[in-house]
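> Chains as they are written, first to last, in our numbering: chain A, 37 to 301; chain B, 2 to 304.
The hints are simulated quantities; they were obtained by calculation from the structure and are not laboratory data. Yeah, the Cβ is synthetic: ideal placement off N, Cα and C, and Gly gets one too. Just so you know, not all the hints are guaranteed correct.
Here are a few chain B residues that face chain A, going by a calculated C-beta distance under 8 angstroms [claimed, not checked]:
| no. | residue |
| --- | --- |
| 1 | Ile-91 |
| 2 | His-94 |
| 3 | Ile-106 |
| 4 | Ile-110 |
| 5 | Asn-111 |
Chain B is nowhere near these chain A residues, computed Cβ spacing over 10 angstroms in every case [as the list claims (entries may be wrong)]:
| no. | residue |
| --- | --- |
| 6 | Lys-50 |
| 7 | Leu-65 |
| 8 | Tyr-77 |
| 9 | Ile-91 |
| 10 | Ile-123 |
| 11 | Leu-138 |
| 12 | Asp-184 |
| 13 | Tyr-292 |
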Amino acid sequence: MRSFYISFVSEFYKSRKTLAFWAAIVLPLIICGLIALGYYYDSAKVLKYNYPGMILWFKYSGAALGVMGMLILPFYVMFMAFSVNNIEHKNDTWKTLFSQPLNKFSIYAAKYAYAVALLFICLFLFALLTYSTGYLLQMLVPKFTFNDYNPAIILSKLYGKLFLASLGILSVQFILSLIWSDFLKPMGIGFVGTIMGMITGSVGWKYAYLIPYSDPTLALGSSAAAKKANPESFAVFTQEVWVSIAYGVILFIVGYFILTKRNIK
Amino acid sequence: MNTSFAIETVGLNYRFGSQTVVKDLSLQVPKGSIYGFLGPNGAGKTTTIKILLNLLQSSSDKVFIFGKELNSNRTACLKQMGSLVEQPAIYAHLTGKENLINRCILLGINQRKVAEMLALVGLTSAANKKAGKYSLGMKQRLGIALALIADPELLLLDEPTNGLDPNGIIEIRNLMIELAGKHGKTILVSSHLLAEIERTATHVGIINKGELLFQGKINELHDLSKPVIKIEVDDSAAALNILSTTGAEIIDMDEGLVKIAYTGKAEMGKYNSLLVNNGVTVYAIYTEKKDLEHLFLDITSKN
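Produce the complete structure using the sequences and hints provided.
Set out below in C-alpha cells:
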C-alpha cells in the first residue's frame, strides 16, 4: 500500500508541469467559461424563451455535456492515457522506474489510478463549474430562472455516469499507450474507435454498448431519454456503464500481465 | 550461497529469441570491491546489468545479491542497489533538483539529501535548470547522483564516464575510489575501455559474446601479461637450439626473431653472450611487456 501511495505521489509530482495534468483543469474552465460567457452576453436571446428553472438548467448543462460527451471526452482520455505513459517512454525511464525497490504491481496500479484520477478531476470540475457558473449567471442576470431548480443531484449523477462510462475507453487507450511508445498508433486506433462509437451509438445498433468508445454517447443518450419522464430518477448503472466498468477491470488486469511478461528495454 | 559476494551469478544464461546473449556466466563480485566489468560493445554487459536489476527475467536460483536470490527477494535486493544503466534516465521536463526530489519520493527518503547529492556531482549551480537542457556530461552526473541518493550498498554503473570530459572522468574515478575505500560500497562498473578502469578496479571480469573469459583480481590480470625477451638474430633455428639447452622457456619463434620468457636481467645477459659466443649474430635484444589493453584485445579476440 505504501508503494502504491508513493508511486501515486510521484506520478503527480512528475506530471504536474505537463499538459496532461493541466488539461484536466483548463479544459473544463475553458468550455464552461465560454458557455457561461455566451449565456451572459446573449441573455436576452435565452430569456426570450421563458424557460422554467429545470429546463434552463438542462439547456445550460447540456451545452457542456454535448460537446464533452461526444467528442472532447474521448480525445481527452486518449491524450491523457498517452501522456501518462509517454512520460516514461520519452525519457526512457521505464527501466529506472522498475529498478526501484517498489512492488511492480504498485507502480503499475499507481499509474493507472493516476489516469483515472485525472479523468475524475476533469469531470468533477465540469460538474462543479456548470453548477457554480449557473448561480453566478443568476446573480449577474437576475431575470434567469436558475434559482428555481437545484441541479446538484442531476449534475452529479450525469457526470458520475459519464465518468464510469469512460473507464472502458481509458483502459483500452492506457494499454495501447503502455505497449506502444509512439503517438500515432494509440491515437489512430482511438480515433477510428471514437468515430465507430459515435456512429454505432447514434444509429442505435443493438450491440453498440459492447464497443467501449460508444459507451459515453450511449450513457448520455439513455439518461436523456429517461429525463423526460422523471428527470432525477434515471439509472446510473445501465448496461453500457456496466460494460465500461467491466472493460476497465479486465483490461487493468490484462495490462499488468503484459507489463510483467514484457522485458524492460 | 556465499555471502562474501555482493553479486554472484551461477551459470547464468540469457537469450533474445534464438540469440544467446549471456552464456553460462558465473560472476563473483566480492563485497567492497570495485569490479571492472569489461567487454567490447555488444558483449552482453548491459544485458547482464539489466538481469541483475531484474529488468530482464532470469530463471530462478541463478542470481544472488548479497547472498539473496534475486527473483524471490526482488524488492529487498533492489533496496541495496543503485544503478545507472546506459543513457541516464531522467525526466527532461523536470529540473535536475526535481529529478532528485522525485527519486526521494519514490524511495521514501528525506529530501535534504538532494542538495548534498547536487554538490557531490557538481550540479548545484545547474540545479534549477531543466534536465533536458543539460549537456551529456551533466546528464551523466545527474544519473550518478540519482544512483547514489539512496546510499546503496551496491552500485551498478554502466559506462558511467560516457560523454564526460577528462576532468569529469577523473572525478568519477576518485568518487568510486572514495565510495569503495571509505564507505565500503561495492561497485560494479562496466566499460569497453580497460585503460579507463585499470586504475580504479580491484577486480576484473572480461566478457565477450556473452561468455566470461577472465575473472580475478587486477594483479592476476597483470600476471597474465608476463614480460618476454625478444631477440632478433640472423639464424633463429640455431639460436633456438642454443637457448633450449639453457632451459629457457621458448614462447614463440619467427623468421629472425625468438621470444623467450623474461626471468631477470642476469639471465638476459647470459643468453646474449651465449648466442654471440656460439656464432649467432644478435641484432637486438630487449624486453617487452604486453600492456593490459593489448592483453584485453588478445583475450576478447580469442573466442
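> Now tell me if each hint is right for this structure.
Verification of the hints:
1. Ile-91: holds, 6 angstroms
2. His-94: Given a least distance of 6 angstroms, the restraint on His-94 (chain B) holds.
3. Ile-106: holds, 5 angstroms
4. Ile-110: violated, 10 angstroms
5. Asn-111: Asn-111 (chain B) check fails; min Cβ-Cβ to chain A is 13 angstroms, beyond 8 angstroms.
6. Lys-50: It is violated; Lys-50 (chain A) is separated from chain B by about 6 angstroms at its closest Cβ, not greater than 10 angstroms.
7. Leu-65: Its Cβ never comes within 10 angstroms of chain B, the nearest being 22 angstroms, so this holds.
8. Tyr-77: The assertion about Tyr-77 (chain A) holds, with a minimum of 38 angstroms to chain B.
9. Ile-91: The assertion about Ile-91 (chain A) holds, with a minimum of 46 angstroms to chain B.
10. Ile-123: At roughly 7 angstroms from the nearest Cβ of chain B, Ile-123 (chain A) sits no farther out than 10 angstroms, so the non-interface label is violated.
11. Leu-138: violated, 7 angstroms
12. Asp-184: Holds: least Cβ distance 48 angstroms, greater than 10 angstroms.
13. Tyr-292: Check passes; 15 angstroms lies beyond 10 angstroms.
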